[in-house]
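Make the full structure from the sequences, and use the hints.
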Amino acid sequence: MRLHLLALLAKEPAHGYELKQALEQTFGSAYPSPNIGQVYVTLGRLEKDGLVRAVDVEQSNRPNKKVYYLTAKGRDHLTTWVDEPTEGPRVRDEFFMKLVLAPLTGIADRMALINRQRRHYLSLMSDLNDLLNRTSPSDRVAMLLIEGAMLHLQADLDWLERCQEDLA
Amino acid sequence: MSAVLKTVNLVKIYQDGAIPVPAVRGVDLQVEPGEFVAIMGPSGSGKSTLVHMLGGLDARTSGEIWLDGKRVDTLSESAWALLRRKKVGFVFQFFNLVANMTVGDNVELPALLAGVSPKVARERRESLLGALDLTDRADAAPAQLSGGEQQRVALARALANQPSLLLADEPTGNLDSRNTRDVLRLLGKVHKEGQSIVMVTHDARVAALADRVVSLFDGEVVDDGRIARRRRGTAGEVIDLR
Chain A
1 MRLHLLALLA
11 KEPAHGYELK
21 QALEQTFGSA
31 YPSPNIGQVY
41 VTLGRLEKDG
51 LVRAVDVEQS
61 NRPNKKVYYL
71 TAKGRDHLTT
81 WVDEPTEGPR
91 VRDEFFMKLV
101 LAPLTGIADR
111 MALINRQRRH
121 YLSLMSDLND
131 LLNRTSPSDR
141 VAMLLIEGAM
151 LHLQADLDWL
161 ERCQEDLA
Chain B
1 MSAVLKTVNL
11 VKIYQDGAIP
21 VPAVRGVDLQ
31 VEPGEFVAIM
41 GPSGSGKSTL
51 VHMLGGLDAR
61 TSGEIWLDGK
71 RVDTLSESAW
81 ALLRRKKVGF
91 VFQFFNLVAN
101 MTVGDNVELP
111 ALLAGVSPKV
121 ARERRESLLG
131 ALDLTDRADA
141 APAQLSGGEQ
151 QRVALARALA
161 NQPSLLLADE
171 PTGNLDSRNT
181 RDVLRLLGKV
191 HKEGQSIVMV
201 THDARVAALA
211 DRVVSLFDGE
221 VVDDGRIARR
231 RRGTAGEVID
241 LR
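One line per chain: the protein sequences are A and B, in this order.
Residue numbering for the first sequence follows full-length UniProt numbering, beginning at 1 and increasing consecutively.
Residue numbering for the second sequence follows full-length UniProt numbering, beginning at 1 and increasing consecutively.
Hints in this document: simulated from the structure, not taken from any laboratory.
Everything hinted at is true.
Here are a few chain A residues that face chain B, going by a calculated C-beta distance under 10 Å:
#1 Arg118
#2 Val141
#3 Gln164
One side only, chain A facing chain B, incomplete, derived with CB under 8 Å:
#4 Ser29
#5 Tyr31
#6 Arg119
#7 Asp127
#8 Leu145
Reference listing, derived: stretches of chain B covered by chain A, where coverage requires no fewer than 3 residues with Cβ under 8 Å from a Cβ of chain A:
#9 196-209
#10 212-222
Note that the structure is a prediction, hence the values are computed from the model and not measured.
Virtual Cβ for every residue (Gly too), placed ideally from N, Cα, C.
Encoded structure:
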């Protein structure tokens with residue numbers, strides 16, 4: 001959650017609870033609602049690393065609240081993250097390892113592995129179909145996330161077919 | 001309840017000059033009423049040949065095909081055609097609509113051919129066009145529609161006579177994602193209402209609607225099992241964002 005919080009703080013200084021709310025608003029249902037304790041723990045670590053700093057703001061009748069802001073180091077860190085290309089998914093696929101190594105183990109035959117994996121992917125796809133039906137089209141970040149997951153799964157299934165043609 | 005479809009050791013061998021080319025090699029398949037079966041497999045695995053035989057569009061080399069408890073592979077071509085009007089709906093990747101009839105008439109025709117009363121055929125036409133969001137295209141000619149719209153019409157037509165079995169061969173093969181979604185929605189709906197479906201598809205979204213997936217490889221069934229449905233929750237809970 002470190003970089004998410006840095007990105008939100010790049011917009012404006014905020015206290016912990018505001019950050020939690022901002023995360024929920026930005027992602028809609030695409031991101032599980034963060035636990036406030038986790039937000040504070042992460043902020044503490046970011047402060048220790050010098051990426052954010054906190055100032056105490058006095059409040060009448062209540063304990064001071066800490067407002068966090070981004071440091072120059074924090075901004076550099078964030079910029080580096082945003083600017084660098086992101087690692088593609090599935091660079092090291094565990095299923096691929098199983099498929100290649102299965103004959104050595106003498107346990108599973110490749111056709112059985114492929115068939116089981118196909119059913120598993122279709123079951124995941126079926127969950128995504130349900131999810132798409134239950135998600136409001138106005139929740140655009142979530143819709144895009146679901147569509148992305150579906151496209152990845154389709155690619156995985158196509159690739160499974162290639163494995164079957166070549167290896168089984 | 002008896003199976004809506006059953007095949008016994010179904011075989012298709014094409015003759016390429018002097019060389020016999022086996023396309024389907026002994027398929028035993030049973031589909032229960034209301035079941036939705038997806039058929040998957042690499043190209044050349046025999047999927048299309050299989051559904052074409054099931055619909056009587058391609059003659060089997062040996063084996064048996066039973067539809068609604070009646071053996072059909074031994075029927076004459078004309079008897080097959082007659083039975084097909086009543087019992088089988090077919091959707092292909094290319095829609096094969098009747099070019100000089102309106103969209104609405106294309107959808108209504110199969111029910112009329114099957115001997116349904118004009119009133120019922122009309123009602124069915126209206127409800128299918130509505131479900132596919134095509135009501136205002138009813139008077140258009142097929143050529144005036146986009147590919148996606150034409151495929152929705154083809155699906156409506158296949159369902160018009162409430163067939164015992166809907167056979168489909170890559171019905172979304174040509175569609176963009178929005179049109180695929182409309183077709184998916186209709187398939188899901190008719191399946192829920194009890195329509196039996198056997199569908200060849202590469203599209204995982206479509207296959208995932210099925211109750212069961214049958215995988216073909218080299219003309220044989222290498223896997224046949226149910227698709228589990230498991231996780232509930234929001235996008236953020238179902239999809240891992242790291």
